[in-house]
Amino acid sequence: MLMITGATGALGKLVTARLARVVGRDDLVVGTRAPAPGERRIDFDDPASLDFSGVDTLLMISAGAAEDDVVIARHDAAISAAEKAGVRHLVYTSLSGDGDHLTYALAHRWTERRLRASSLEWTVLRNGLYAEFLAAVAAPGPDGTIAAPLGSGRLAAVAREDLAEVAARVALTPAEHAGRTYELVGERALSGADLAAALGGSYEPDTLAATRTAVIEAGQALPFQVPMLLSTYAAITAGFLDGTSIGRNDLRPLLGREPRPAIEAYVRAVRG
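Those letters in the sequence shown? Residues 0 to 271, per numbering that gives the first Met the number 0, in order.
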């Protein structure tokens, strides 16, 4: 039996839809905090709910929307429960290797280390940042100007659909990928000027300090999310996320085709 957890997020929904098309209903279980009929209640904050009985392969979408200690506790509980239940293989969606300068990298690297020390077979999918994420952090203003503090840096963004396809493929044939860590980033790194040109607008980057102030004053980000966002801008600006430092890119080989253009995914997301 194959189970996916974290299925309520954008990536999880895409992966679940793909798996549902090729896996029989009795062979795919969705684990979620608020299960619908036929799903299983899996709440990473409630270790007693982590029932992985009968599961051969567990696809664990990262539970990263929290402070590091919370994410680490969630992932540790899930891996421990998987070991206890006799799960054979765990596939984990992590963060690309060039993301170590990001404040949210720590929990991912901790989880990778925990998996390597576990009794499970494992595969790590190191996902690059989504092109759709750029639509949220580098969206144009009312006058068409993109003011995100990206400097002259570039981001090797990747279409979320491609990451979902890779996750589904690996989860369906896990034995072929045992003990492997895959780097999955875009093949063409995008700059602020590229984003603006695709939308017919302009790019006039603001400073990190001004952006921090604006994010805080908007009041829509939780306290721990502010440094997450600013570290992302800073890493892009400094050239750490352009895909050149990871040594390889496994996206095309795993897809078996040319990846979707990230710039197109960005434009679609911006325009809704």
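No lab work stands behind these hints, which were simulated from the structure alone.
Note that the coordinates shown come from a computational prediction; the quantities given were computed from them, not determined experimentally.
Wrong hints could be hidden among the right ones.
Unchecked claim - Taking CB as the label site, the calculated pair distances span:
1. 221 to 186: 30 to 36 Å
2. 224 to 108: 18 to 24 Å
3. 221 to 254: 49 to 55 Å
4. 186 to 209: 30 to 36 Å
5. 219 to 243: 31 to 37 Å
6. 217 to 84: 39 to 45 Å
7. 116 to 209: 39 to 45 Å
8. 171 to 75: 48 to 54 Å
9. 237 to 203: 17 to 23 Å
10. 254 to 67: 28 to 34 Å
11. 222 to 118: 35 to 41 Å
12. 256 to 203: 32 to 38 Å
13. 179 to 218: 39 to 45 Å
14. 221 to 118: 33 to 39 Å
Claimed, not checked - Using 20 Å as the maximum straight-line C-alpha spacing, the simulated SDA-like pairs for lysine to any residue come out as follows:
15. 12 to 132
16. 83 to 39
17. 83 to 63
18. 12 to 196
19. 12 to 22
20. 12 to 63
21. 12 to 1
22. 12 to 254
23. 12 to 83
24. 83 to 37
25. 12 to 0
26. 83 to 64
27. 83 to 116
Just so you know, even glycine gets a beta-carbon here, dropped at the ideal spot from N, CA and C.
Outcome of the hint check:
no.: 1; hint: 221 to 186: 30 to 36 Å; result: holds (33 Å)
no.: 2; hint: 224 to 108: 18 to 24 Å; result: holds (19 Å)
no.: 3; hint: 221 to 254: 49 to 55 Å; result: violated (34 Å)
no.: 4; hint: 186 to 209: 30 to 36 Å; result: holds (32 Å)
no.: 5; hint: 219 to 243: 31 to 37 Å; result: holds (33 Å)
no.: 6; hint: 217 to 84: 39 to 45 Å; result: holds (43 Å)
no.: 7; hint: 116 to 209: 39 to 45 Å; result: holds (43 Å)
no.: 8; hint: 171 to 75: 48 to 54 Å; result: violated (26 Å)
no.: 9; hint: 237 to 203: 17 to 23 Å; result: holds (19 Å)
no.: 10; hint: 254 to 67: 28 to 34 Å; result: holds (31 Å)
no.: 11; hint: 222 to 118: 35 to 41 Å; result: holds (37 Å)
no.: 12; hint: 256 to 203: 32 to 38 Å; result: holds (36 Å)
no.: 13; hint: 179 to 218: 39 to 45 Å; result: holds (42 Å)
no.: 14; hint: 221 to 118: 33 to 39 Å; result: holds (35 Å)
no.: 15; hint: 12 to 132; result: holds (16 Å)
no.: 16; hint: 83 to 39; result: holds (18 Å)
no.: 17; hint: 83 to 63; result: violated (23 Å)
no.: 18; hint: 12 to 196; result: violated (31 Å)
no.: 19; hint: 12 to 22; result: holds (15 Å)
no.: 20; hint: 12 to 63; result: holds (16 Å)
no.: 21; hint: 12 to 1; result: holds (15 Å)
no.: 22; hint: 12 to 254; result: holds (19 Å)
no.: 23; hint: 12 to 83; result: violated (27 Å)
no.: 24; hint: 83 to 37; result: violated (23 Å)
no.: 25; hint: 12 to 0; result: holds (19 Å)
no.: 26; hint: 83 to 64; result: violated (26 Å)
no.: 27; hint: 83 to 116; result: holds (14 Å)
Of the numbered hints stated above, those contradicted by the structure are hints 3, 8, 17, 18, 23, 24 and 26, listed in ascending order.
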